[in-house]
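Use the sequences and the hints to build the structure in full.
Numbering-wise, full-length UniProt numbering puts 293 at position 293 of the sequence shown, and it's gapless, one number per residue.
Treat the hints with care, since some could be wrong.
Stated by the list, open to error - Under the rule of at most 25 Å between Cα atoms (straight-line distance), these lysine-lysine pairs were calculated in the BS3-like manner:
#1 Lys193 x Lys272
#2 Lys229 x Lys298
#3 Lys193 x Lys298
#4 Lys229 x Lys193
#5 Lys193 x Lys13
#6 Lys272 x Lys298
#7 Lys193 x Lys67
#8 Lys177 x Lys229
#9 Lys272 x Lys229
#10 Lys193 x Lys268
#11 Lys298 x Lys177
#12 Lys177 x Lys67
#13 Lys268 x Lys298
#14 Lys67 x Lys229
#15 Lys193 x Lys177
#16 Lys268 x Lys229
#17 Lys268 x Lys67
Hint data in this document are derived by calculation from the structure and do not stem from the laboratory.
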Amino acid sequence: MSTIAGTWTLVHKAQSLQRSSQTLSTLGSRALIFGGELLPREPRDDDNAGGLPSARVGTASTVVNGKIYYFSGRGGVDMSPVDEQGNLWQFCFSDADGVGWHVVSPANTSEPVPEPRSYHCMTSDGNSTLYVHAGCPTSGRLSDLWSFNVHDRIWTELTSAPGPSRGGTSITFADGKLYRMGGFDGNHELGGKIDIYDIGLNAWSTHTFTPDGEQGPGCRSVGSLLALKVHGRPSLATAFGESDPSSLGHAGAGNMLPDTWAFDIETKEWSKVVVEDGGQEPQARGWFAADIATFEGKESIIVQGGLAGDNQRLDDAWVLSF
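So, in structure tokens, the structure goes:
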């Protein structure tokens, strides 16, 4: 088994961080945490303030051109998908753009928009276009892929990903391509494949590997997949997640994984991330939030909160550096 060195650092613990099924997105040195739950099906954030997105769990977020965008999720008494007719919520830290929340509506409301959903995933090219993929609508699961140009405010349906349809999957952007792995198809956690979407070609391909915990990470959902340089190499990193579902569904915790892996995009080889003897490591978790953060000009991964194997929500934030 190939390994690579990494260092985990506990950076914060607070009651306000205690939640699962939330999102975390970073802008410079800041991170915005939104949504999630303390108790099953009870959204964490207040639902009563005007001009703010409704309380929700299982939403998704991404950053485009210095602004954070959110799409759908589930909320309300019956925890149904939040239907905002293709609208997105945008959060800005910049005075020039107006600090706070803004609704971004499609330019043409007669054109098709993505179905409302939860436990989907989002990523972006960082400059103009975000992508929404998969997740759980009112019933079943999805495998669709949509793009939204934040300048033209146009939704475009792209080629759907290879099946099976899934929720709790992860997607990330690197060098003109989207990378997707993991998820839950309603019966099993998925693994052994990285599905790759070429934006220029509007087409998918698949890289397969052995998900045995030796040659590559085991099958999982509600983990993370992020693109960054690892020891100078263009890489993907996946961390934690659930390997076996709970019999209680969203109301309970299944078997949570403690491991982190790095994938070299060029050589297509996996390496398990190991820490020095005596080094700290986060406990196993799923349903957490994660993003890339930059510290002193170097990319790192920040992981926050989530659901532990004992069904408790976690209140911590960790940074993984290489």
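Verification of the hints:
| no. | hint | result |
| --- | --- | --- |
| 1 | Lys193 x Lys272 | 16 Å, holds |
| 2 | Lys229 x Lys298 | 9 Å, holds |
| 3 | Lys193 x Lys298 | 29 Å, violated |
| 4 | Lys229 x Lys193 | 21 Å, holds |
| 5 | Lys193 x Lys13 | 34 Å, violated |
| 6 | Lys272 x Lys298 | 21 Å, holds |
| 7 | Lys193 x Lys67 | 31 Å, violated |
| 8 | Lys177 x Lys229 | 16 Å, holds |
| 9 | Lys272 x Lys229 | 15 Å, holds |
| 10 | Lys193 x Lys268 | 11 Å, holds |
| 11 | Lys298 x Lys177 | 22 Å, holds |
| 12 | Lys177 x Lys67 | 21 Å, holds |
| 13 | Lys268 x Lys298 | 23 Å, holds |
| 14 | Lys67 x Lys229 | 23 Å, holds |
| 15 | Lys193 x Lys177 | 15 Å, holds |
| 16 | Lys268 x Lys229 | 14 Å, holds |
| 17 | Lys268 x Lys67 | 32 Å, violated |
When the structure is compared with the earlier hints, violations turn up for hints 3, 5, 7 and 17 and for no others.
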